[in-house]
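Residue numbers (this note's numbering), protein chains in the order written: chain Z, 46 to 187; chain Y, 46 to 187.
Keep in mind that the hints were calculated from the coordinates and are not lab data.
Keep in mind the model is a prediction, meaning the values are calculated, not measured.
Ideal placement from N, C-alpha and C gives every residue a C-beta, glycine not left out.
One thing to keep in mind: the hints can contain errors.
[Claimed, not checked] For the chain Y half of the interface with chain Z, some residues (derived, Cβ under 8 angstroms), not all of them:
1. R140
2. F147
3. A153
4. A154
5. R156
6. V169
There are 2 protein chains.
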Amino acid sequence: MDCEFCGGDGGPVLWRDGFCRIVRAPSQDYAGFCRVILNRHAREMTDLAPAERARLMDAVFACESALRELFDPDKINLASLGNLVPHLHWHVIARHADDAHFPDPIWAAPRRASAPPRALRNDVSDARLGARLAALLAQPAA
Amino acid sequence: MDCEFCGGDGGPVLWRDGFCRIVRAPSQDYAGFCRVILNRHAREMTDLAPAERARLMDAVFACESALRELFDPDKINLASLGNLVPHLHWHVIARHADDAHFPDPIWAAPRRASAPPRALRNDVSDARLGARLAALLAQPAA
């Protein structure tokens with residue numbers, strides 16, 4: 046199938062189960078940027094059964110929680126677009142007021158150079174982020 | 046509170062209950078563009094209780110279903126950004142391959158003039174879209 050996300054690409058895998066995987070998006074501008082990718086091929090959320098939608102959103106919300114804890118964002122951005130790669134995946138992005146595009150979405154033209162690295166944002170390793178996701182996804186939603 | 050979405054603005058209301066409302070986004074380029082807006086003020090999905098997250102996503106998915114039925118899109122785009130207005134709201138957008146930005150997100154620079162009106166896309170009145178949403182939201186998720 047001619048879909049790059051069916052093949053498993055997309056960046057270092059932080060967490061996965063039999064249903065979906067969470068990767069860290071390769072990005073020079075955004076250290077706190079994860080993608081949640083459905084393992085099997087589907088295009089739209091409403092192509093999933095309601096329980097599957099909820100399961101995928103639980104992974105999205107775990108990413109949001111982990112990014113809020115580890116990157117102290119000014120805002121979280123969530124998006125499922127897929128116009129280029131119509132395989133269900135969610136972008137979960139920690140945004141800061143001094144990032145390259147704020148307050149625009151990251152798909153707009155940049156407004157400024159990327160903010161200088163801050164320890165808080167950039168010392169978060171894949172292993173640390175993955176461990177936090179595993180902890181969040183191991184516990185039932187509160 | 047200095048938040049434009051707390052005041053109820055945002056376009057014609059298609060459906061509402063005590064928890065959220067669905068408005069049609071005023072847009073010259075996108076006839077099939079709804080916003081789901083939480084009534085009370087909250088910034089992020091993870092500021093909501095899990096049952097509230099699910100309730101808001103059910104409204105988002107009802108919009109997706111209605112837009113797929115009525116606008117025959119090539120792709121649905123879902124996004125919760127809120128960098129400018131940090132009050133929880135979801136964009137639900139029916140995208141077509143000949144729309145102004147495709148395959149880019151609608152927040153990128155336009156690639157072309159808007160597609161000429163098509164009856165399928167533009168004859169969908171607020172009343173018709175609202176009636177479909179009401180029907181979808183009245184039935185439990187299948």
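Status of the hints after comparison with the structure:
A hinted interface residue such as Y/R140 counts as satisfied when its beta carbon comes closer than 8 angstroms to some beta carbon of chain Z; here the least separation is about 6 angstroms, so the hint holds. For the restraint placing Y/F147 at the interface with chain Z, the shortest Cβ-Cβ distance is roughly 6 angstroms, inside the 8 angstroms limit, so the hint holds. Checking Y/A153 against chain Z by beta carbon gives a least distance of about 5 angstroms; that is within 8 angstroms, so the hint holds. This hint holds: Y/A154 has a C-beta 6 angstroms from the nearest C-beta of chain Z, less than the 8 angstroms allowed.
For Y/R156, the interface hint is violated, since its Cβ never comes within 8 angstroms of a Cβ in chain Z; the closest pair sits about 11 angstroms apart. The criterion of a C-beta within 8 angstroms of any C-beta in chain Z is not met by Y/V169, whose closest approach is roughly 18 angstroms, and the hint is violated.
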